[in-house]
Amino acid sequence: MITAAALCPSPPLLHPAVTGRDPVLPELRAACAEVAGRLARDEPELIIVIGPADATGAWDTGSRLDPSRYAPGIARTGRRSLPLSLGLGAMLLDQAGYRRPGVLQAVSSDEPAEACVRLGAELAGSGRRTALLVMGDGSARRTLKAPGYLDPRAAAFDATIESAVRDGELIRLRRLDEKLARELMVTGRPAWQVLAGALGARQPVTEVRYCDAPFGVGYLVTYLRPPTGADAVP
Amino acid sequence: MSTADARPQGVLRLGRHSFGRDRLLVMAILNRTPDSFYRPGITWDPVAAMEQVHAMVAEGADIVDVGGVPARPGDEVDVRDEIKRTVPFIATVREAYPDLVISVDTWRHAVGREACAAGADLLNDTWGGWDNLLVEVAAEFGAGLICSHAGGLRPRTRPFRVAYDDVVADVIDTTVALAGRAVDAGVDQTRILLDPAHDFGKNTWHSLEITRRLAELAATGWPVLVSVSNKDFVGETLDVPVDDRLAGTLASTAVCAWLGARVFRAHHVRETRHVLSMVSAVRGDIPPARAVRGLA
Chain A
1 MITAAALCPS PPLLHPAVTG RDPVLPELRA ACAEVAGRLA RDEPELIIVI GPADATGAWD
61 TGSRLDPSRY APGIARTGRR SLPLSLGLGA MLLDQAGYRR PGVLQAVSSD EPAEACVRLG
121 AELAGSGRRT ALLVMGDGSA RRTLKAPGYL DPRAAAFDAT IESAVRDGEL IRLRRLDEKL
181 ARELMVTGRP AWQVLAGALG ARQPVTEVRY CDAPFGVGYL VTYLRPPTGA DAVP
Chain B
235 MSTADARPQG VLRLGRHSFG RDRLLVMAIL NRTPDSFYRP GITWDPVAAM EQVHAMVAEG
295 ADIVDVGGVP ARPGDEVDVR DEIKRTVPFI ATVREAYPDL VISVDTWRHA VGREACAAGA
355 DLLNDTWGGW DNLLVEVAAE FGAGLICSHA GGLRPRTRPF RVAYDDVVAD VIDTTVALAG
415 RAVDAGVDQT RILLDPAHDF GKNTWHSLEI TRRLAELAAT GWPVLVSVSN KDFVGETLDV
475 PVDDRLAGTL ASTAVCAWLG ARVFRAHHVR ETRHVLSMVS AVRGDIPPAR AVRGLA
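If you're matching them up, the sequences are chains A and B in order.
Heads up: the first sequence runs through residues 1 to 234, numbered per the working numbering.
Heads up: the second sequence runs through residues 235 to 530, numbered per the working numbering.
Read the hints as simulated data drawn from the structure, not as lab findings.
Even for Gly, the Cβ is constructed at its ideal location relative to N, Cα and C.
There may be inaccurate statements among the hints.
Simulated DEER-style distance windows between Cβ atoms [unchecked claim]:
1. A/G62 x B/D400: 40 to 48 Å
2. A/G78 x B/A292: 36 to 44 Å
3. A/E45 x B/R504: 40 to 48 Å
4. A/L144 x B/R250: 26 to 34 Å
5. A/R100 x B/E450: 29 to 37 Å
6. B/R517 x A/A55: 47 to 55 Å
7. A/Y149 x B/D400: 51 to 59 Å
8. A/G78 x B/N366: 17 to 25 Å
9. B/R517 x A/E45: 30 to 38 Å
10. A/S68 x B/A485: 28 to 36 Å
Below, a sample of chain A positions facing chain B; criterion: calculated Cβ distance under 7 Å [as the list claims (entries may be wrong)]:
11. P11
12. P12
13. V18
14. G20
15. D22
16. Y149
Taking the hints into account, I'd like the entire structure generated from these sequences.
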């Protein structure tokens with residue numbers, strides 16, 4: 001049973017060690033810390049971090065991101081690094097003081113939508129009160145200075161994600177165009193579809209905490225919880 | 235135990251400050267002279283000189299080095315004149331900047347004493363211990379001392395057919411001996427620096443050699459100061475006049491920083507600061523100011 005979820009982006013610059021002396025985008029970091037902190041404070045039995053990576057599979061929960069892969073010169077952890085998305089998710093939970101059980105679930109960037117949705121349903125079906133920390137980014141082609149240069153379709157694609165999340169209509173995320181997502185350098189697609197699968201037909205109540213593309217990459221930070229009776233619309 | 239074994243291995247104390255090994259410092263040059271070689275007379279007027287101090291501090295100077303006598307030969311500046319040029323100005327700077335490290339560029343103990351009384355923290359003895367009593371002043375006031383290699387020249391003279399079997403060995407022997415003498419005289423050993431003194435008692439080849447082999451001087455363990463700004467060895471190497479030596483100065487600065495120098499006496503504070511920050515970042519001693527390229 002999914003009790004809550006949070007969406008966070010996973011740019012390397014979210015890690016405080018890699019941006020140098022300037023805490024780049026403090027408002028983004030604060031938003032991520034807030035939603036991850038709420039997940040931890042909800043005291044679920046389990047938090048599953050879901051993030052895109054090269055291959056689908058669970059990672060050792062003791063693993064962490066080695067930021068020296070992005071910033072050689074800072075101290076290496078000396079251990080095999082988690083993929084970026086899971087590493088940043090684990091970092092956010094560490095920062096939130098979360099010490100209870102977790103799962104670090106990678107989902108392949110190439111995983112088809114149906115498989116993502118199926119995986120989400122499996123993760124939700126454990127019978128434990130489970131929260132999800134879903135790591136994923138929008139298009140990296142939002143502006144001329146974006147990593148992937150400007151693609152005029154990027155803004156509309158990200159807007160689709162944002163409105164689906166704001167409206168709590170995550171079912172729409174199941175239908176995202178995988179080929180277009182790849183062309184627009186959208187890394188969050190499979191993780192969002194796992195979330196959509198985990199929530200099933202339920203429309204969560206959502207609170208968007210950050211939605212912008214300050215470096216031409218779409219970042220969305222949101223807290224979501226399934227509806228309770230009090231949320232029912234008469 | 236010899237003095238060489240007693241050398242400090244890290245912290246450098248100047249004024250109220252302690253600087254770790256990784257911290258590279260800019261010593262800004264402030265000439266209270268009408269006739270120094272670089273931009274003569276620009277800070278002769280006390281108001282202009284103070285403006286210059288404000289600018290240098292704003293650009294990142296850690297130390298201001300106030301001098302009243304040009305290094306090159308010229309009109310006699312006696313002790314009274316030198317004091318008049320430097321000491322009241324040092325007092326003014328001290329009043330404006332209680333924490334700034336102030337250095338006085340003098341070889342004369344009488345000037346050093348007045349300067350320390352007015353607030354100077356450091357005696358820049360560019361002429362390599364010519365006046366034996368200067369170390370006593372440093373000890374008396376708890377001031378720092380820069381021990382330089384001037385090749386045995388008397389103050390304000392130019393090298394004439396100088397030759398060394400090994401200029402770097404001579405620099406090390408001379409400056410380490412001066413440092414030892416200072417420690418014996420009671421100077422705080424954490425406040426002593428060595429300066430190979432580019433151009434002083436050296437031709438261009440010698441100055442290039444001490445730059446190339448600066449790591450050997452740094453390996454003595456004493457903090458090393460270099461003063462390369464706009465000097466003749468840069469001019470002769472590049473065949474450029476004094477107003478066109480910035481690039482050569484900064485290249486030499488970068489090499490010295492890479493090889494272990496810790497204090498850099500400079501006319502161009504901002505540019506020097508940038509070079510030192512860049513070298514420190516390349517070396518991994520400091521992080522970039524702001525890194526987002528490829529990380530978004």
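Worksheet item: For this structure, which hints from the list above don't hold up?
Response: Hint check: 1, 3, 4, 5, 6, 8, 9, 16 fail, others pass.
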